[in-house]
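With these hints in hand, go ahead and build the complete structure from the sequences.
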Amino acid sequence: MQNPWSALPLEVGKPFVLESDREEVEKLNAKASEIHKLRLDAFPGPFMGRTDAPILLLTLNPGFVENEVVQNINDRRWNIKCLHHEEQDYPFFLLDPEISGSEGYKWWYKRLRTLIERYDARFLANNLLHIEFFPYPSVGAAGFHRKRVLPSQEYGFHLVREAMERKAAIITMRSLNSWFTAIPKLESYKRCYILRNALSAYITEGNCPAGYAEIVKVLDKRYLDYQASHS
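Read the sequence shown against my numbering and you will find it ends at 1584, with the numbers running on by one and no gaps.
To be clear, the hints were calculated from the coordinates, so they are not data collected in a lab. Treat the hints with care, since some could be wrong.
Unchecked claim - Result set (DSS-like, lysine-lysine): computed pairs, CA atoms no more than 25 angstroms apart in a straight line:
| no. | residue 1 | residue 2 |
| --- | --- | --- |
| 1 | Lys1390 | Lys1500 |
| 2 | Lys1380 | Lys1390 |
| 3 | Lys1463 | Lys1570 |
| 4 | Lys1574 | Lys1463 |
| 5 | Lys1520 | Lys1574 |
| 6 | Lys1367 | Lys1390 |
| 7 | Lys1434 | Lys1459 |
| 8 | Lys1538 | Lys1520 |
| 9 | Lys1384 | Lys1367 |
| 10 | Lys1500 | Lys1384 |
In structure tokens form, the structure reads like this:
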């Protein structure tokens, strides 16, 4: 399936929305309260990481804070490379220490800290794929964020199905029912794991016992190869 996000308009001052999504997005925003409006002055975040990663993390939709408003397109080179599936040292770019001051980095570092300390950030950034159910950011989530309403969402679902075919481990961090409705086979997929507390969404042994053990099993072997190639 072709990646629709390589066609995202990149002109500052104009909405960051795919043409295929525009009509439905405008309808949703016309009815949404201010806190639930889709912020088209910030970059969408449909996915992040290598598309062949052995570990998937599934969430609902990107959060929004005011400093995420795009002022300079060059400041978003990490986002653009990600949307185009271009090579990066940190494909899961919100673990890149160059942007450690960003809210996204802080959020993910806290959730993945246990794994980062066990391995290292660059290794982890090359072995994770994060997919949002709904790609556009908002301050808060409403009912429509949990529905299959945009053409672009199909690409994210496609990436999940591909991951299932290659037997990747999948951690459903948020919006379990939405994911199971969109991808029915995910509910019975043996390597799909859920968190005990989705509100905190920390990837730890205590919050995801079976899933954490599986992640460690997969990554331990890969880490030996990684260390050998970087020694």
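Report task. Given the hint that lysine 1520 pairs with lysine 1574, test it: the Cα-Cα distance must not exceed 25 angstroms. Result -> holds, 16 angstroms
Query - Given pair status - lysine 1390, lysine 1380, alpha carbons within 25 angstroms - result: Between lysine 1380 and lysine 1390 the Cα gap is close to 11 angstroms, so the pair holds against 25 angstroms.
Query raised in the report: Holds or violated: lysine 1574 with lysine 1463, Cα cutoff 25 angstroms?
Result: holds, 24 angstroms
**Report entry** Hint consistency between lysine 1434 and lysine 1459 [alpha-carbon to alpha-carbon, up to 25 angstroms]
**Finding:** holds, 20 angstroms
Report task. For the pair we were handed, lysine 1500 and lysine 1384, check the Cα-Cα distance against 25 angstroms. Result -> holds, 15 angstroms
Query raised in the report: Keeping to a limit of 25 angstroms between CA atoms, is the pair of lysine 1390 and lysine 1500 held or broken?
Result: holds, 15 angstroms
**Report entry** Given pair status - lysine 1520, lysine 1538, alpha carbons within 25 angstroms
**Finding:** holds, 13 angstroms
Query - Hint consistency between lysine 1367 and lysine 1390 [alpha-carbon to alpha-carbon, up to 25 angstroms] - result: holds, 16 angstroms
Report task. Mind checking the alpha carbons of lysine 1384 and lysine 1367 for me, to see if they're no more than 25 angstroms apart? Result -> holds, 21 angstroms
Report task. Would you check the hint for lysine 1463 and lysine 1570, treating anything up to 25 angstroms between C-alpha atoms as holding? Result -> holds, 21 angstroms
This entry satisfies every hint, going by the numbered hints stated previously.
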